[in-house]
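The listed protein sequences derive, respectively, from chains E and P.
Using my numbering, read the first sequence as starting at 1 and increasing by one per residue.
Using my numbering, read the second sequence as starting at 1056 and increasing by one per residue.
Source of the hints: derived by calculation from the structure; they are not laboratory data.
Nothing false has been slipped in among the hints.
In silico DMTMM-like links for lysine to aspartate or glutamate, alpha-carbon gap of 25 angstroms or less:
| no. | chain 1 | residue 1 | chain 2 | residue 2 |
| --- | --- | --- | --- | --- |
| 1 | P | K1113 | E | E765 |
| 2 | P | K1116 | E | E765 |
| 3 | P | K1353 | E | D284 |
| 4 | E | K513 | E | E552 |
| 5 | E | K204 | E | E222 |
Chain P residues, not near chain E, derived (Cβ > 12 angstroms throughout):
| no. | residue |
| --- | --- |
| 6 | I1069 |
| 7 | Y1101 |
| 8 | L1277 |
| 9 | N1329 |
Chain E stretches covered by chain P per the calculated footprint, using a threshold of three residues with CB under 8 angstroms from any CB of chain P:
| no. | region |
| --- | --- |
| 10 | 284 to 292 |
| 11 | 312 to 320 |
| 12 | 697 to 704 |
| 13 | 716 to 729 |
| 14 | 768 to 777 |
The C-beta atom is built at its ideal place from N, Cα and C for all residues, glycine as well.
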Amino acid sequence: MVIMKMNNVLKNSLMGIFAVMLLTSTLTMGVQNGINTEKIKDPIENNGSVHPIIQMAEASKDIENEKASEKPLKNLKSNPFESNSEIGNNPKETLSQNGTVNEVTIKAEKLPNGQYAYRILKHMIYDGQSVEDLTERYPKIPTIPGPSIEMTQYDSLILHSIDETGIKKTQKITAQNAGTFEYYGEHYRTLGLFGAIIINPIDKVPAQINGKVVSVDISSLEKQYVLFMVGSTFWGQEIDSNHNQKPLWTNPTLGADLNQLVRFHILGAAHQHTFHLHAHRWLDPGTTNIIDTKLIDPQSTHWFIVEAGDKVGIGTWQYHCHVFAHMEAGMMGEFKVGSAGSNTQSVSGVSPLIGGISSVSASFDRNDQNIIEASKSEKGSMAQGNFITFDITDEPGQWFRNVEGESLSGSTKSLGVVESKGTAHFIMSSTNTVHTISSLLWPTGAPNMPFDQMIPYRGGGIVQLENPGLYLFTCKIHPYMFGAMIVDDPTTEGLDLGDKLSLSTGTTLDPTKDNGKATIAALLRTFFIANNPNNWQDYSGEHPSWKLQIPEIDINFGEEKTNLKNLLLNSLGDGDTIPLKTISSPSKPGIGEVWIDTQFEKTANKSKPGTATKVNVENWQVDRKVALPQINMNNPHNMWSDSQQDIIYQTQWLDNRLTAFDRHSGKLLDDIGVGDAPSQIITNPINDLIYVALSGEQGDAEIKFNKEDNKFEVLRIVPMQEAGQNPTIPQGLWVTPDGRKMITPNDSTDDITIIDFSTNFRGGEIQNRTHTDDMPIGTGIMPDGKTAYVANFLSSTLSVIDMDSGRLLDKIDLADKGNVLPIQTPVSPNGQYVVTANTLTGSIAITDTDTNTIVKTLPCDPGCHGVNFGAKEGGGYYAYVTSKFSNRMIVVDGDPNNDGDASDAKIAGTVLLTGKYASDGKPMFNTDDEIIKYDGMGGQGVYPIPNINPGWVEMLDLTWNLTQDQRDPLTSFNQLQNQPIQTSNNDDSINNHVNSQSIQHQQDQIKPPTIEEKISEVQQQSNGPVINSNSPGRPVHPTLDNLNNIISLLPVPAP
Amino acid sequence: MNYYRHFSLILIAILASIIVIGNLDQVFDSIYAQNQGDSEEPVYPYPVLHKIDISVQKIEKSGGGGDLYGYQLDQHLLFNANTGEFLNNITHKYSSGPTIPGPSLVIEEGDTVQLTLTNPKNTGAPGMVSVHVHGIHYSIASDGTLGILNGLRDEGVKPGQSIRYHWTAGPGTAGTWPYHDHTLGLSLGHSNSPGTNMNGAETIGLFGTLVIDSHTGKTLALIDDKPTKVDIADISKDVLCYVTDDAFWCDQIDYRNNAQRTALWENPTIGLKNDELVRFHLYGMGTDFHIFELTGYKWLEPGTTNVISKKKFGPLENHVFTFQGKNGVAEYRDTLSSHLLSGMKGEFIVDDMGLSIPGKSPIN
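My request is simple: use the sequences and hints to build the entire structure.
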């Protein structure tokens, strides 16, 4: 009997008939099709290459555009039974032939915290003879999830829905199949507009009870739980045996007595999950499989029946999502099974019914008695309201967007302010790639801190903030993404920042001490600049000025009271309007052009930001911008090119794609998925293979570009760690000039990985990993490929690494000279100095490579970020520096007198990154889309053409007007290393004099090592940790060749 | 005189009978066991108590990047659950040393397990570690979680400690279930201090499989494109693979070789003899989802008669299927693009040898 029933269910499922119809033109509702009927069909769909299952549900690692898999199913036309019709006021006219008609009206409302929820207005039921009003079974307030519409198989449902703008729509459905389905709003599904339609079978259903599969009558259920998995949060609801519904809100405790028969309905509104319940197992409907973990995503729902504590007894049994990053992000709750007869109750979790302190007004009456009653009725959890929801986006200045709006008006959309305690709730619903949600700063000793995840993911997060103070959140992959919460103690005047604050580096900041105060002020200033585009620096015009909007509110910092505006603006001078230096180009031109990723520019035909801006460095004019609206290029971050300098390769950091376009025409050539969050890119100078650091994965992608058909081909992903080890977040990589090795800083594991391409037939293995300081993020390599400089973002240091042995040679303290949060850090092509952009202090550090000391610090703009070297006309180099929160590029001459000593480094000039417009508004530069907002802003990756870095410059053709030194930087480097230089063939006596003087100066600084020291250094290097993962370390003994090299490098005694 | 002789003979006969009858169980056992052939573990006609000792061992990665950890089988003894009488010591069937995945435990529905977990002081985990199991029956005292989750107490072991978990494979628990750590807190972020963490360190090697076979001993398999009921006893190999965020980690039980386990480590070559039956047990583990494919093969969606050639699954979802090997070389792979590009695949070779070749092991 049971088998027959199951076959029927199977048959129906297999025929793929869906119980609920989806309207194609609906404005308000999307109703989901039946589940567990998806067979994996054979491939070959319309596009010919993508398997349908992958298209729909592969939301986490799809190399196609991830957005495609998140679209609501509004295009599905399958309507199994009844045609859509507008229903009048008398539903009796449309009575279904088979049975009862339910008429339900629901309304979408905005909650005080900016989320949305459905509220029931009416539920009437007609069985052909009498009418019954079922509205009493529902709560009187809007709830997340929305009201569960329960009906019986073969019933009809007339669903009136009023969307958040007041538009009413009606749909009619007749339920042929039993099951649980999702309805959701076309907008705001991820912010709360979702609910369940539960169609109960008229037959019994099979379930495994007490070890045997039996038939269960739905009416014998004690209670039902509805759980939605959204982001990294459960939203729940309970339905009792009389069909009365109660909202349980977030991560609730589900209560039951031992052996009570309960049914769980699990649905998904965003992202992919696996639902698991401890100590229970159940029959997977439609199969004979007994399971305890089930995949849930926006297209799959699941329900099951268990006896609470069946054979395992009473206890607090965890239910949670088993996706590890979601567990870390808080996605768990309790199934509390009490003893028989104890009447164990469910307890709701925190809810967004109570918003922040300065809630934006909603279509929601805060004096609604029902709300006030509901707020009082739950123990504990409601009092903990103050629920701030941050939507994670790709939009400049609002990467953590508080959906409530601006908490402190006129400031930023990325701040939430709550009273006493609060909930920080996150959901990645407006971003194409993976992220982490990681604590940067929190009040020392606050529970649940730090909040972090080991691996980047798609989802969300939820965490309770229980102590007053300032909480800063960031993404470990994209560290300029900031969100902040302030939990204010209502008994004190002024907003509380906390007595002491802890940084994720382990440092404690004491606001009563000067450097503690200064650091917090700098962090907050950066926060208010980054998260309010009005606070970005605009250098256009004759007299540019910078007006910083900082809310004038009183804050408490430990015992100190001060005004936030004063605290943040103090160190910038008087007033909040600061005059900026007028743009002035360098007097000496560069050679060729420079490409800058103006990552925050918004254009007319793209929803995502970012363009690549080309500056002709011979006349310092912007002559092209490439937006690529046809592919909605998303946050272009870094570039490199082929060896012939014809094709620009562009990474899209807030996406998963790599793009190629023609340098000369700006024409798009190819665009493919490579892996999540591609950040830095480089080629191997020997074979032109492209390497992209996939900061959302655990390795670097190796890609070939075929010029014959202008197509990319991803060859493999080179992992930065061995299988099973903690996930790395690879960032600013570099390849040695001889193409043999690649160094990649691992942002998450605080180390670097050196890949030696020559070690095995598969083309490269991990040579070693060396621990650096916190969050290494950028690299530069010396011209001989032997030493690398790695910028450690959170520690503000440079690690000096020996590329042969992997050994840490030295450490340079940037913060000591006022440089904090370094990012890109290339070495000058002649190996004399390192230029490091520092984003917190807006400063550029120049480090001398002989002494490894900082010889100069130059001012930069807020969000100082990208650096790369280009050729200067007549010899020497410019370092082109970009800043995220300004629209100008700074041109640094690290060595104006070309003597190898960078202490005379200066700013040679500045370049505005906005293009010029004629009087009729037409752009005087080439562009493929109209710039509408944030013109010239967001400067990050820099790529000068021709590429004069050692390794690449040797591949250039002869048409570039470069000097001999520029074409052969390695010789120049070697020469400058030999001190003093016997320049007997140099006729210029003045130059000679100058040279020997500066060399003398260098000599004074360095004690030339003796032969013994040099030999022992080589020996030390060879016995260092040369770890080859397959074989034990192979010591390298000094050969005769080595000794010869050492001797030739020793200084010749001065005349 | 004769009388006494008869009497003593009868006495001896009676005594002998008593001894024989008393040992009848064992006699039947050995006969029964022999009748099973040496192709599988002996099946006892009564519930078995398994006393299993497991320890956590650190797998040091001196090259940097963080250590891994593995469960190690120290001892597995079988007893008659009713009488307490010792039946067998099968410790030798397991690999020595820590393995990833940890030891594959195979028991019958109706059996009980006493699992003792030890965290050895210097060679184990630096913080509290536990075993949390799915599917089998256990009380809240054996949940393997921290007290803040289970409301009772911390059910794990700090360095130097041991704990005993009690599991019962009651009716309806047949299936393949994972076990994993649920308490070890390791480095997270930039201030690293090992301790406890409510999520555990399941992703860095602390996972393994518990297989509970049902008394009926049959399963559905796709043979010659037709769903066919096969005896579990006829399965030559169990191949158990965890598909993590960056590799397939596999273990193998070879029933043609006395149920010997072989650790196959990362992305191994899996071997099977021509026409033999193999059962794959696949688990997702970590954060990522996977789409599994075995080139050239189709199999049954578990619990149905649907034929599939690809399966998507996520962390701790299982996918178990039985099929017959076809002569030739196939490839098993995770077809999610970044996983495939990172090398999450391996060979499945069916020939007359049927030898599996372990992949790379993290133990240097």
